[in-house]
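Participant: Now for the letters of each chain:
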Amino acid sequence: MHVILIVMRMETSDEALARAAAGGDADAFSAIVSRHYDRVFRLCFRLMGARDQAEDLCQDICAALAAKLAAYRGDARFTTWLYRVVVNAANDRRRRAATHARAADGWGEVEQARRAEAIEKAEGLDWLTTAMRALPDELRDTVALVLDDVTHADAAQILGVSEGTVSWRMSEVKKRLRALKEAENG
Amino acid sequence: MADELDDLKAAFDAATPMPGPLKKRDNIALAEKNFADLQGSRSGARLTTKRGPMARLGQGVMTMFQTMTTKGALTASTALVAVAVLIMLPEDALKMPGGDVDLSQPELKVTPKPSVAEDERAEVDTAVTRSDDLDGARETRGRDNLVAAPVELQDEGAAASIGATRQSTEAESFAAGDAIAMEEPMMEAAPTLSQLVAPSDRAMIAPASPPTAKRLIVEQDRIAPLPESNTETFANEETSPLKVTADDPVSTFSIDVDTASYAVVRSSIMGGQLPPRDAVRIEEMLNYFPYAYPTPEGPHPFEPTITVTPTPWNQGTNLVHIGIQGTLPAVEDRPPLNLVFLIDTSGSMQDANKLPLLKQSFRLMLSELRPEDEVSIVTYAGSAGQVLEPTPAGERTTILAALDQLHAGGSTAGQAGLQQAYQVAEGMSDDGEVTRVILATDGDFNVGLHDPEALKDFIADKRESGTYLSVLGFGRGNLDDATMQALAQNGNGQASYIDTLSEARKVLVDQLTGALFPIANDVKIQVEFNPERIAEYRLIGYETRALNREDFNNDRVDAGDIGAGHTVTALYEVTPVGSSAIRTGPLRYGQHDDAETTVSRSDELGYFKLRYKHPGEPTSVLIEEPIYPEVSEGSDDVQFSIAMAGFGQLLRDGDYLGAWNWESAIALASTARGDDPFGYRAEAVNLMRLGQALDR
Chain E
1 MHVILIVMRM ETSDEALARA AAGGDADAFS AIVSRHYDRV FRLCFRLMGA RDQAEDLCQD
61 ICAALAAKLA AYRGDARFTT WLYRVVVNAA NDRRRRAATH ARAADGWGEV EQARRAEAIE
121 KAEGLDWLTT AMRALPDELR DTVALVLDDV THADAAQILG VSEGTVSWRM SEVKKRLRAL
181 KEAENG
Chain A
187 MADELDDLKA AFDAATPMPG PLKKRDNIAL AEKNFADLQG SRSGARLTTK RGPMARLGQG
247 VMTMFQTMTT KGALTASTAL VAVAVLIMLP EDALKMPGGD VDLSQPELKV TPKPSVAEDE
307 RAEVDTAVTR SDDLDGARET RGRDNLVAAP VELQDEGAAA SIGATRQSTE AESFAAGDAI
367 AMEEPMMEAA PTLSQLVAPS DRAMIAPASP PTAKRLIVEQ DRIAPLPESN TETFANEETS
427 PLKVTADDPV STFSIDVDTA SYAVVRSSIM GGQLPPRDAV RIEEMLNYFP YAYPTPEGPH
487 PFEPTITVTP TPWNQGTNLV HIGIQGTLPA VEDRPPLNLV FLIDTSGSMQ DANKLPLLKQ
547 SFRLMLSELR PEDEVSIVTY AGSAGQVLEP TPAGERTTIL AALDQLHAGG STAGQAGLQQ
607 AYQVAEGMSD DGEVTRVILA TDGDFNVGLH DPEALKDFIA DKRESGTYLS VLGFGRGNLD
667 DATMQALAQN GNGQASYIDT LSEARKVLVD QLTGALFPIA NDVKIQVEFN PERIAEYRLI
727 GYETRALNRE DFNNDRVDAG DIGAGHTVTA LYEVTPVGSS AIRTGPLRYG QHDDAETTVS
787 RSDELGYFKL RYKHPGEPTS VLIEEPIYPE VSEGSDDVQF SIAMAGFGQL LRDGDYLGAW
847 NWESAIALAS TARGDDPFGY RAEAVNLMRL GQALDR
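Going down the list, the sequences are from chains E and A. In terms of our numbering, the numbers along the first sequence are unbroken and rise by one, the last being 186. In terms of our numbering, the numbers along the second sequence are unbroken and rise by one, the last being 882.
If you're looking for bench data, these hints aren't it; they were derived computationally from the structure. Treat the hints with care, since some could be wrong.
Short derived list, chain A residues pointing at chain E, Cβ under 8 Å [stated by the list, open to error]:
no. : residue
1   : 198
2   : 202
3   : 205
4   : 207
5   : 214
With a cut-off of at most 30 Å between alpha-carbon atoms, the simulated DSBU-like pairs for lysine-lysine come out as follows [unchecked claim]:
no. : chain 1 : residue 1 : chain 2 : residue 2
6   : A       : 795       : E       : 68
7   : A       : 795       : E       : 174
8   : A       : 195       : E       : 181
9   : A       : 799       : E       : 68
10  : A       : 429       : A       : 195
These numbers were taken from a predicted model, which means no experiment stands behind them. Where a beta carbon is used, it is the ideal one built from N, C-alpha and C, also for glycine.
One chain only, chain E, in its complex shape (with noise of 0.2 Å):
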């Protein structure tokens, strides 16, 4: 019985798992949510550019997945659909922060005080941040989602664009980063 039992728990997919939550499976439902947190944090990390509002985020999506997976509707990858959902919920946290004028720690905030102790050793960090900052919202949310190996084909479904959009907003990112990088060097 056990044995059969694990099989078959490793062998559910993704889509069956949030089916059979989405139908009430409280089981399924955490079996889910554990497997794909840490992609989930991945992700909410490169949207947002900071560790402490990838976790807050992180708190949004799972306040909010039992009732939007109720929606889930399988035509769509499981993890397609989930990553929709945090781009949006990123999206969301972005337009209320902007809304309430609030500091933002994240690449959003051209302004942030660079953090004393982070500056040696983080001179990769330190591109990197400067790199994001420079980009707007939708490249980087394109930028973010192609480097976690999401395809383009993928990308345009989680962003709602056409496929031919991610591909003209990555050689838009390509050449704003090679014209950061002729600055650094110039």
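Please build the complex by placing chain A on the supplied structure of chain E, with the hints as guidance.
Facilitator: Okay, now just chain A, sitting in the frame of chain E:
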């Protein structure tokens, strides 16, 4: 070339931290708690909560069944295609352009009764098992299928059709597995064994369902205009929750005189399908109908009338009905009107119910305009630019000729259509004249500004300078209701959805004055309930119009506008203190000391406040009056609007309706039809009957 990206990726990988384990644990626990709460709140779904190893086994068996029935589901889908064609053909035929004849009335007689396919479907359903059965049930309740559709393809042109085809394949492969009742929390009960055994009563009517519709797109050209539903987006929010007066006595919202939602609901139902839940905005269904509330006599341009009446769906509660009648200035006195039509001519507009219908609507409207009014036409996408210079409405021939030249086609060219339209509008406006840009589209908002926020800002900015924007939506399949709403709201205009020539007449002819001449801007309503009298209350509808309590007194917060002769209706369901219908239990701790919380203030149920601005004025005017407890039957208008609120709730969820059903809604609406000169209310009753049939 890829160097920069590689650098970025390396930097990313190095910089991305692991999630904090404590935070992770808390977040997951939060997710689980909310999941459990959600299950608790929808009693039907609790039945499916299967825990423990045996349940897991059952799950596996179910998965197996679902896989096995894929073929059956496909067969069923074939039957559905037939159904879709049966329904759509007559409607298509009716919508063909054919002069200024009112073509919409015969539509009412079209009853989607797909008897042939029904039999086929029943056969299939008995042959296969549970999953397909539920598939049928789900499609019958098609309204949920679009809620938060995880993939909203908003691609332009070709990309969309490729996307649709790809989705169709996905939909097929999921047709069976997908069928767990995940999106029907309000079904009597989620899948149980009993349904496995006796599925036949579920397979009543199989309307054109989204998966089917998608599959049809491929052959669409040869068949009929079917909704490619998955590119439609609707603006909506969760149903306003019940509020406990003691905790939250103040309710604030902006008025809304849009009617688009009702027309979308009608077009869905006439197409043989319940509308997606998010397409139903109850306040727009109420406000679609003209009501004859008492006309204003005082100093204000409109007059609120408040009626308290028993709730038809709950004996323990009352409804507070707020009806606001806008004054109708003598039509002769209206200022000259400058209209700039910004018309989408992208290829998708060529369907009979889009550009051709727009042209006909336009002709109808032209006869309502005066010689001193001016009209101009700007197009975007496809053909581009100004196709009609500002022309006095008296020159009918010139205008009609320009109109006939319009044709949809070509690729979407990103023209600066919107800016051009506003430029033309500004050139036309003189002091004392009313200037409007009217955007007509089927969902392509590629008007020259790509960023939605920038677009809204641009429109809001122009609103300040006196040029307003109204939006007319045409056709289904690509309708971007959310953007329509956002643009019209930012432009102080109305969003209307035009599905038939008679709707065009209602929007552009019968109600031309109201739609185009504002009598009050930024109209906000705030109601404070008296916790000594009212234990709980909820606002029905207006979810997308909720305001913060402090916004009420802030004149800088934008809100809805009332046009000449408009009526606005809002309904609160209130539960009196001591009623058996109170839903929230008393608190054990933290009870307030009655003596200190409230000064005893007679038996008023609450206090109504309304703020508005005269057009162009920066500061608002306040109207206020108490809500008295006298309960009355209310006029036919009051009763009919209540029936519409019930109709909307039946389409959305019906959580608060108890045993009150379609039958009750139809009975109430029929008896309260009253004087119905345009036949709108008779049409609504017919829609309810169709809705009842589709909801089985």
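Participant: It remains to establish, for every hint, whether it holds in the given structure.
Facilitator: Hint check:
1. The beta carbon of residue 198 of chain A is positioned within 8 Å of a beta carbon in chain E (closest approach about 5 Å), and the interface hint is therefore held.
2. Given hint, residue 202 of chain A at the interface with chain E, holds; its Cβ is 5 Å from that chain's nearest Cβ, closer than 8 Å.
3. Taking 8 Å as the C-beta contact cut-off toward chain E, the hint placing residue 205 of chain A at the interface holds, the least distance being around 4 Å.
4. Checking residue 207 of chain A against chain E: minimum C-beta separation of about 11 Å lies over 8 Å; hint violated.
5. Given hint, residue 214 of chain A at the interface with chain E, holds; its Cβ is 5 Å from that chain's nearest Cβ, closer than 8 Å.
6. Restraint check for residue 795 of chain A and residue 68 of chain E: the C-alpha separation of about 36 Å exceeds 30 Å, so the hint is violated.
7. With a C-alpha separation of about 56 Å, the suggested pairing of residue 795 of chain A with residue 174 of chain E is violated against the 30 Å cut-off.
8. Taking the CA atoms of residue 195 of chain A and residue 181 of chain E, the gap is about 15 Å. The hint holds against a cut of 30 Å.
9. Using a Cα cut-off of 30 Å, the hinted pair residue 799 of chain A and residue 68 of chain E is violated, with the two alpha carbons roughly 39 Å apart.
10. Taken as a hint, the residue 429 of chain A and residue 195 of chain A pair is broken in the structure, with Cα atoms around 49 Å apart against an allowance of 30 Å.
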